[in-house]
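We have chain L; now place chain F onto it with these hints.
Heads up: the protein sequence lines correspond to chains L and F, in order.
For the first sequence, the UniProt record's numbering gives the first residue as 1, with consecutive numbering after it.
For the second sequence, the UniProt record's numbering gives the first residue as 1, with consecutive numbering after it.
Fair warning: there could be bad hints in the mix.
Computed footprint of chain F on chain L, listed as stretches where at least three residues anywhere in the stretch have a Cβ under 8 Å from a Cβ of chain F [stated by the list, open to error]:
# : region
1 : 67-74
2 : 78-88
3 : 124-137
Hints in this document: simulated from the structure, not taken from any laboratory.
Note that CB positions come from ideal geometry on N, CA and C, so glycine has one too.
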Amino acid sequence: MGGMRLAQDVILATSGLTKEFKGFRAVSGVNLEVVRGTIHALIGPNGAGKTTCFNLLTKFLHPSAGSIRYKDRDITGMKPADVARLGLVRSFQISAVFPHMSVLENVRIALQRRRRGDSFDFWRPERVLRALDGEALDLVEAVGLSAFAEHQAAELSYGRKRALEIATTLALDPEMLLLDEPMAGMGHEDVDRTAALIRRIANDRTILMVEHNLSVVASLSDRITVLARGQVLAEGDYASVSKDPRVVEAYIGSGHA
Amino acid sequence: MADTAAVTAPVTDAPIAAARPESRDDRALHRRVFVGIAVALALAPLVLYPVFLMKVLCFGLFALAFNLLLGYGGLLSFGHAAYFGMASYVAANAAKHWGLTPELAILAGTLVAGLLGLAFGALAIRRQGIYFSMITLALAQMAFFFSLQAPFTGGEDGIQAVPRGHLFGVVSLADDRVLYAVVAAIFFLGMLAIYRIIHSPFGQVLKAIRDNEPRAVSLGYRVNRYKLAVFVLSASLAGLAGATKAIVFQLASLTDVHWTMSGEVVLMTLVGGMGTVFGPIIGALVIVTMETYLAPFGAWVTVIQGLVFVLCVLLFREGIVGVLARRLGRPL
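Okay, chain L solo, but in the shape it has when bound (with noise of 0.2 Å):
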């Protein structure tokens, strides 16, 4: 990319984000700027503030100074449910799933936010649902699990419910996707399955990911920032940053190779 980036480029951009808890500064005056179509990896050694800038721009944290603007808009004061609506979505660590439904319904729940908007007729029969059930079918096949449709999440392997947690965020068709720490817990299999699914989804969109496993940032990411200690260390392409004195100090100097 390189030189000035045009302003319209940005999708996400954050001004002096701050989050203070108790004293404790988690993250101190992060700006942060990710241009639309591409996959920006946030980084950094434990304890840098990564899920807490995370929880910050999917606003389930209010940030104590600071700005965020999405696609122009100034989103700081706005509540989760309202960012998910503008098109900003979020995974979670641990993986969210809603367990007692089946994987069918977990996707279709997430589709019928999008197609039918709010759902507050309690007085029609769930079948008029059935008709997102093709749509859903699809996305769940786009993700490896066809066979598993009828399954309770709950039965679900640890890698496949994340599959299913990003079938059912890809069925919002969000502009722009924050995932938190997608591979986290995986096994080589699921990593490259997993990775594979990010680079196809990441074609009409833009991905913010939090991610510990360097060799997928590597592979993956457009560009990277490097925090610690809740500020940005370093950013940049993966090359240049991987060579950066301060980012190795920080990383090795926590314990990190």
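Positioned in the frame of chain L, the structure of chain F alone reads:
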């Protein structure tokens, strides 16, 4: 340790048969149960007193309404007597002093309960868990003291000699059997309405919120609006039950708005099976039967009820119908 297993089973996250997603077979089973209930409603007055049956039906509907909020909305209200009792006051006034026909009196009570639910619910849903329950209790206590002081409730005396009147101004409800038919119809329609609410697009969102609220939020659902909506529906249906009871017993009194009534509906729901479709009806039947047939024991009824409740929680937490559903491996 078989008893330990029985107690811990329902709280585990492990998939139990009854918790699997409902299938079409389950719906067919539910339809058969509905037919069974309709037949039972038709035959019951041949063997049991209509007045006793009407009491069971009023409390059954009350417990069904409460279970809609607790079992399907995941919200534990400790103040449902407010909606039940205020609706009975409004219906009694409407029938006695405003000269409305019984169906309009019941409708008026139901609407007032819904509005009260809207006001109280809007305050209560701002907090979660035990705080939510405490707010509902505090608001219901306010409704109780209001009922004690306000002139239109008759204070300690309540409103007595409420006329049963003529349905639609035509059919006299003086005969217990005619009134029973009306009450049975109200109960049955109320039950179908609740079943539909649970199995509607709205019910599907409620299920998602109960299962994983943060995830529902992240999908763009404004969960508080759904909670308020189910609160209002539950309060309205509780009001329908209370208003019907005022016409049946020709009485609206402080008992119906007292906190013990809020406790009783919790008891009925837990004994029958929280979060089951049909459990609250069985719970109401058990509790009302105990109150009626153990009446000679006087104040001991409360003690016996307490004992039943403790045994119920210790031995079968899922309630009578919950245990039955697990044995059958089908949601009931």
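How the hints compare with the structure:
Judged by the Cβ-Cβ criterion of 8 Å, the region 67-74 of chain L is not covered by chain F as claimed, because only 0 of its residues qualify and three are needed. Only when three residues or more bring their CB closer than 8 Å to a CB of chain F does the claim for the region 78-88 of chain L stand; here the count is 6, and the claim holds. With 5 residues having a beta carbon nearer than 8 Å to a beta carbon of chain F, the region 124-137 of chain L meets the requirement of three or more and the stated coverage holds.
Hint violations for this structure: number 1 only, all remaining hints satisfied.
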